[in-house]
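Keeping the supplied structure of chain A fixed, place chain B upon it in accordance with the hints.
2 protein chains.
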Amino acid sequence: MKTNSQPIGIFDSGLGGLTVIKEIIHLLPHEDLIYLGDTARVPYGEKCPETVIKYALQNAKFLTNKKVKCVVIACNTAAAFSLEKLNESLSLSCLGVIEPGAEAAVKATRSGKIGIIGTTGTIESNAYVKAIKRLNQSIEVFCQACPLFVPLVEEAWHVHPITHQIAEIYLRFCFEKSIDTLILGCTHYPLLKKIISDILGPEIFLIDSAITLAEKLAGLLIKEGLLNSQSLQGKHTFFVTDMPKKFYNLGKLFLKENVFPVEHIDITNY
Amino acid sequence: MKTNSQPIGIFDSGLGGLTVIKEIIHLLPHEDLIYLGDTARVPYGEKCPETVIKYALQNAKFLTNKKVKCVVIACNTAAAFSLEKLNESLSLSCLGVIEPGAEAAVKATRSGKIGIIGTTGTIESNAYVKAIKRLNQSIEVFCQACPLFVPLVEEAWHVHPITHQIAEIYLRFCFEKSIDTLILGCTHYPLLKKIISDILGPEIFLIDSAITLAEKLAGLLIKEGLLNSQSLQGKHTFFVTDMPKKFYNLGKLFLKENVFPVEHIDITNY
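Chains as they are written, first to last, in our numbering: chain A, 1 to 270; chain B, 1 to 270.
Hints in this document: simulated from the structure, not taken from any laboratory. Being a predicted model, the structure only gives us computed values, none of them experimental.
The list cannot tell twin chains apart, which means a pair is met if one copy fits it or any two copies do.
Computed cross-link-like contacts, DMTMM-like style, restricted to lysine to aspartate or glutamate with a CA-CA straight-line distance of at most 20 Å:
#1 K245 <-> E50
#2 K69 <-> E84
#3 K54 <-> D266
#4 K246 <-> E50
#5 K246 <-> E124
#6 K245 <-> E124
Next comes chain A alone, as it looks inside the complex (with noise of 0.2 Å):
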């Protein structure tokens, strides 16, 4: 039996997570969070599915058995992957980041062509691709797969001029297919949102799946009437697989607050 007053659930690969987690806290600020970060297997993003649906459900069991009321998976290439999979095996409701991302790029563009830019094993994944061809078959979609974007981030390089020489080439597709809405299908490219915004311009539309996804959160916490009725500030506590120190160090610029309190635990157990 679900309460309104359980927490909410939330896992990611590592630390991208936070900026979904920085939403989420925007729009429903009276949700009590668990965030589950999987820093001793990231990234997800190069790896193949088995073995991050595998981690995606120890995940989930970590989370489920910390009484959540719903598990959102702020992973795009776990969400890609193992969605599916997670809404079978719960017995609650599952939120991914790839869905509501592919819904307002639909809503946006007005060419009907879309691109989308994420890890290799999202864009591999063709998740997004598929989500939005089945809310319409006829919108032309193009990807390309961004692998340095992550660690240019984690290395606090998301102003950095190189990083904008290395934007221009990732980004060239976008006038080379002339699309009019970006998916920012990577919770670590929020933080790059400047620099991409700069190259393109305002002529195209960047969806940031992080704020898609809160929305759609707070949509399904209102249908099913598990919104929280406290009035006082949610609660917010972080878990870690590995290297609690990075991801202090870190999380302030993800987060735009501190995350504490951070508790490192064993995910093979689960």
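Okay, now just chain B, sitting in the frame of chain A:
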């Protein structure tokens, strides 16, 4: 009881160790080799010591089950954190990349100023610094973590102008500190040798840990009477814990020959 016809076991966090295999094949062509790339949990470079030691023990267990005559830790981070632990718990010789590299650098330096580049994990472990200081207390050592080098090599940008620019930033300390010897403290870095030596010029001597390790291994096998006496080319077998596809594609870049056959195994059972 060890015999000279047993294979040599080599493990790495992923692909990088293939540069080590390349040098071992070059120096010891008649040896049978078993390589394990822990691609499901790569990279080790940003993970904490406890996690890396746990992974290293599992990898070594897999290799000893394959009846290897010695174990080579081709990953700098794994060698930095786990060599001592592995030597304690295995009943055969275990060799890491750190000590041979440190010895070669101490022999090479004239000015007594050595530089080290590596992943965050390797640099923070201080393993090279300790190994050098054990050999010669008076040598000055200067370190620089280069977290973007691995993803740049894996994007196959090892001769890209942007990689040159990034290397110029990372290597600035070499001139500021007037070093005359630089240890390439990561198995991916031999692929960046061209760019690194273009930037540093002929005055700074580069130590390639893969080459120094292969030489040390040859010495060990001779000393222990374990050199394979077959006149044929040795057999090379590859195991990975995830995604053989990327391993195939990038393997040739590292090894300069086809990586074949590759078998996908589950390491968590070890």
